[in-house]
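Asker: If you want the building blocks of each chain, they are given just below.
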Amino acid sequence: MKQIEMAVIGAGPAGLGAAVEAAGHGVRVVVFDENNKPGGQLFKQIHKFFGSKEHLAGIRGFRIGAELLAQAAELDIDVKLGAVVYGLFSDRQIGIVHQGVKRLYQAEAILLATGAAENTLSFPGSTLPGVMSAGAAQTMANVHRVLPGKKVLMVGTGNVGLIVAYQLLQAGARVVALVDAAPRLGGYAVHAAKLRRAGVPLRLRHTIVEVRGKETVERAVVAEVDENFNPIKGSDEILSVDTVCLAVGLSPLTELAWMGGCRFKYLPGLGGHIPVHNQNMLTTSPGIYIAGDIAGVEEASTALEEGRLAGTAIAERLGYLSFEQAKVKKEAIRSRLDQLRTGPFGAKRKSLKETLVKEWI
Amino acid sequence: MVTGKDTGYSGTGRPSARRMESGPVAVIECIEEIPCNPCEGACPVGAIQVGQPLTNLPKLSEHKCTGCGICIAACPGLAIFNIDLSRGDETAIVAMPYEYLPLPKEGAAVTVTDRDGQPVGRGLVHSVKRMEKYDNTAIVSVEVKKELADIVRSIKEGEDGTEETNLPLRRDY
Numbered sequence: 001m002k003q004i005e006m007a008v009i010g011a012g013p014a015g016l017g018a019a020v021e022a023a024g025h026g027v028r029v030v031v032f033d034e035n036n037k038p039g040g041q042l043f044k045q046i047h048k049f050f051g052s053k054e055h056l057a058g059i060r061g062f063r064i065g066a067e068l069l070a071q072a073a074e075l076d077i078d079v080k081l082g083a084v085v086y087g088l089f090s091d092r093q094i095g096i097v098h099q100g101v102k103r104l105y106q107a108e109a110i111l112l113a114t115g116a117a118e119n120t121l122s123f124p125g126s127t128l129p130g131v132m133s134a135g136a137a138q139t140m141a142n143v144h145r146v147l148p149g150k151k152v153l154m155v156g157t158g159n160v161g162l163i164v165a166y167q168l169l170q171a172g173a174r175v176v177a178l179v180d181a182a183p184r185l186g187g188y189a190v191h192a193a194k195l196r197r198a199g200v201p202l203r204l205r206h207t208i209v210e211v212r213g214k215e216t217v218e219r220a221v222v223a224e225v226d227e228n229f230n231p232i233k234g235s236d237e238i239l240s241v242d243t244v245c246l247a248v249g250l251s252p253l254t255e256l257a258w259m260g261g262c263r264f265k266y267l268p269g270l271g272g273h274i275p276v277h278n279q280n281m282l283t284t285s286p287g288i289y290i291a292g293d294i295a296g297v298e299e300a301s302t303a304l305e306e307g308r309l310a311g312t313a314i315a316e317r318l319g320y321l322s323f324e325q326a327k328v329k330k331e332a333i334r335s336r337l338d339q340l341r342t343g344p345f346g347a348k349r350k351s352l353k354e355t356l357v358k359e360w361i
Numbered sequence: 001m002v003t004g005k006d007t008g009y010s011g012t013g014r015p016s017a018r019r020m021e022s023g024p025v026a027v028i029e030c031i032e033e034i035p036c037n038p039c040e041g042a043c044p045v046g047a048i049q050v051g052q053p054l055t056n057l058p059k060l061s062e063h064k065c066t067g068c069g070i071c072i073a074a075c076p077g078l079a080i081f082n083i084d085l086s087r088g089d090e091t092a093i094v095a096m097p098y099e100y101l102p103l104p105k106e107g108a109a110v111t112v113t114d115r116d117g118q119p120v121g122r123g124l125v126h127s128v129k130r131m132e133k134y135d136n137t138a139i140v141s142v143e144v145k146k147e148l149a150d151i152v153r154s155i156k157e158g159e160d161g162t163e164e165t166n167l168p169l170r171r172d173y
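Those protein sequences? They're chains P and D, same order as listed. So the first sequence is residues 1 to 361, counted in full-length UniProt numbering. So the second sequence is residues 1 to 173, counted in full-length UniProt numbering.
Treat each hint with caution, since some may be false.
BS3-like cross-link-like pairs, simulated, lysine-lysine; straight-line CA separation at most 25 Å [said to hold, decoys possible]:
| no. | chain 1 | residue 1 | chain 2 | residue 2 |
| --- | --- | --- | --- | --- |
| 1 | P | K151 | P | K214 |
| 2 | D | K133 | P | K53 |
| 3 | P | K53 | D | K145 |
Partner residues aside, some chain D positions facing chain P, computed with beta carbon under 7 Å [what the hints assert, rightly or not]:
| no. | residue |
| --- | --- |
| 4 | S16 |
| 5 | A17 |
| 6 | I31 |
| 7 | S154 |
Think of the hints as simulated: they come from the structure by calculation, not from any bench. A virtual CB, placed ideally from N, CA and C, is assigned to each residue, including glycine.
Looking at chain D on its own, in the form it has when it is part of the complex (with noise of 0.2 Å):
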């Protein structure tokens, strides 16, 4: 089980510990009703759904989700992430929506920060990936203590991102 200081979402669109431990999944972490439906339209299982009213919250149907990310892209909002719970006990991926460049190398060690943009830790880019339909959202997914999956949601890169932290720079993390 899963537990952080900001978990702070639930709601339909959030998938069981369970399911996150059996391989990647969507985690959506849209809140607020607002009419948009794109990660409806994306999803290529139809495991996610807004139906009508376009401001519906959507719901994961977390047994149809294979993980694919492809949602993840597809928000506007940049509110969709994916856990993956299932590299066994000390590890776990986060992948994270990502618009800035450069963008981070794969392998890379980076300092992985909370919701609040706050350092938590150091984690590993485990992948990054650019499509042609994600229009420049590309997907970065970091290796992290699996104790920091629901806490981890975003990155900071070189020296800066090592400059601001004050955790001490561990690259066995």
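This is chain P alone, in the form it adopts within the complex (with noise of 0.2 Å):
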């Protein structure tokens, strides 16, 4: 069993931020990532982000990205990919397979960043090729450079519909529509004016009932929904479409957090059963700490300051950092996570992120 100071699983934006931040104060890191390349989401990311100066505001996710990892190379962060974590057991051991051979680390404290899962849903014909998350249609478009359709309906209008929705025209699909059973944008409106300006319809108060085709998706049938969100008789339309992208919403992937005894709390408005941590990100396991999306639903800025948090608060545990100098660098990072968290949209992330803090004590 190999011995570790600090094991971070996950290589996105949280699990980066936490790496540099700790190692930039002399923690020795390794970072797991079971994908083959490092950055998490961040590498499909090609719009510039919100916020301000100190949260890379106006800078395009990917940059963000090999930002990040530059530094990680610069502070000798040992980034093992395609490694897989498997489980964490009692006094923070965790097993990983990595290059097919099985190993167990036993490390002083660990950051689990495994961010979230895209949810899907299900009807008539969602199992036919063409129907995909959106995720996975960015992954296409913008990783592999590979159009997965020419004609999209999206469905959602949360911020990832809408961007994808719009890196989709970019790439140069059409979208058909997009729609979304709530009454209302889920999305930022200058997100949702971008593709207005290209003249796509986004329909509220509509969803999906059924995607027809013999091999592949060829057609999409849309109908209004009623309060209740049920589908309104008559009001069916049927799009000729080869593409459906699917952006209802994330679920934290907590797993490993599950299996290391963490207490969890129920927050739909942060994505389902989110680990119950302190101001420092500290679990209720031992040395188990959380950043990103595995810590409640949210962006990849807000990440990248969790993990920092985390990075800060873990070095301190470490010994790397006395009490009061962690204490200036929190305080730093926890005013910037504020900021993100302000507006009719940070509000309630921020008030449900409160209420896991308060459970923690």
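From these two lone chains plus the hints, build me the complex, please.
Answerer: The structure is reproduced here in structure tokens:
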């Protein structure tokens, strides 16, 4: 069994942010990621981020990813790719399969930054090729440079749906429509305005009923819904599409936190079952920290800041920062997080996060 | 005075018609309180204020604004435009962020569209600006009939654009 100081599971913005922060204070960090490339979802984010300068606003997501990787390399952080963490056992032991070899590590502190998975939706025809998650379409277009289809229906008007629809337009697809069963737009109005300017219809109170096609998607049936989200008879409309993208929310990937014995709270507003954590991102299991979407689904910018917060707290825990030094750094990060959690979108998340912190005590 | 069917934005990011008549000026169509302020930092003359909290809507000091257009590419929401009504009675210049390829060519006639992507007439591409710091958000300026200045917010190029519009194609708009 190999002893390590800090293990980070997940090399997305939260994990890399934490690794860079902690390593910058002298902590020896090993990052594990099951993917063959680090960066989590950052490398498919080709849009400019919101926030302020401190949050790297105005910079395209993939550039933030490249910068984090450069920092990780400079700090000699050991990033193990293709490394599947299959278990978290007592006394912070981590079971890993890396390049076909099973290994056991024991870490003084662990950061779970496993992110979230996209939700799906079942309807007749939903298993036909051409129905995919919005994130899958985004990966195809922006990472692999393959257009998933030419005529796209996007289901969901949260920021993922809006952003991916815009990026599919940029990639050369036609977005036939966006539908959302809710009566209000889920994401930011400025993202929706970009689609409106391109003439893409956004239909609220509409849902997907069925997808038809012999071998692949050929048509999608959408219908208006009533206040109970049931399709209204006779409102069916048939759209000629070859791709249906689902952008219907995200669920935190919490398996390792369950194995680690962390206490949970169910908060649908943050994506479901969320490990209870304190202001240092520490869970109820000693030495196990969380950051990013596993700690409640938010955005890449908040994930990065939460990672930095956890990284600072871990550096303090392992003796690389004094109480006073850590306090100053943590408060600066918390204030940046607070800035991102203001306004009609952020304030709700902030109060839910506070619920989690209260539960920890 | 410019009027239009869809001027639907008012507020602190909007310059007066009088200011537009005196030369290019930023028109900020940021209408929702999201935590964001790159426009404030991008403005070289301090004409845009967001302050704290970050969710404040940007406030334009129209007399400070020189219409340089840097904020257009800096806005992650692509919500800033420039309008110049100083060219006389016939035409105006509308500058907009543009992130599609191919970029339109300077001098090309294009279909101009409103905030809903609906064609409202024809325009001439006046300039296409690309700079490294814009990071691939080009600034496309189109010359349009003056009464369309506050309506036009995008363009459609080439065959697609002309096919989808029912308006007669008039090279001289």
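Asker: Against this structure, judge whether each hint is valid.
Answerer: Hints, verified against the model:
Our distance criterion of 25 Å between C-alpha atoms is met by K151/P and K214/P, whose separation comes to about 17 Å. Between K133/D and K53/P the CA atoms are separated by roughly 15 Å; this keeps the pair inside 25 Å, and the hint holds. For the proposed pair K53/P and K145/D, the alpha carbon gap of about 38 Å is over 25 Å, so the pair is violated. With a least beta-carbon distance of about 23 Å to chain P, the hint placing S16/D at the interface is violated under the 7 Å criterion.
Using the Cβ-Cβ criterion of 7 Å, the hint placing A17/D at the interface with chain P is not satisfied: the shortest such distance is roughly 22 Å. Evaluation of the I31/D hint against chain P yields a held restraint, the C-beta minimum of about 6 Å falling below 7 Å. Interface hint at S154/D: satisfied, since its Cβ lies 4 Å from the closest Cβ of chain P, which is below the 7 Å cut-off.
Consistency with the previously given hints fails for numbers 3, 4, 5, ordered from lowest to highest.
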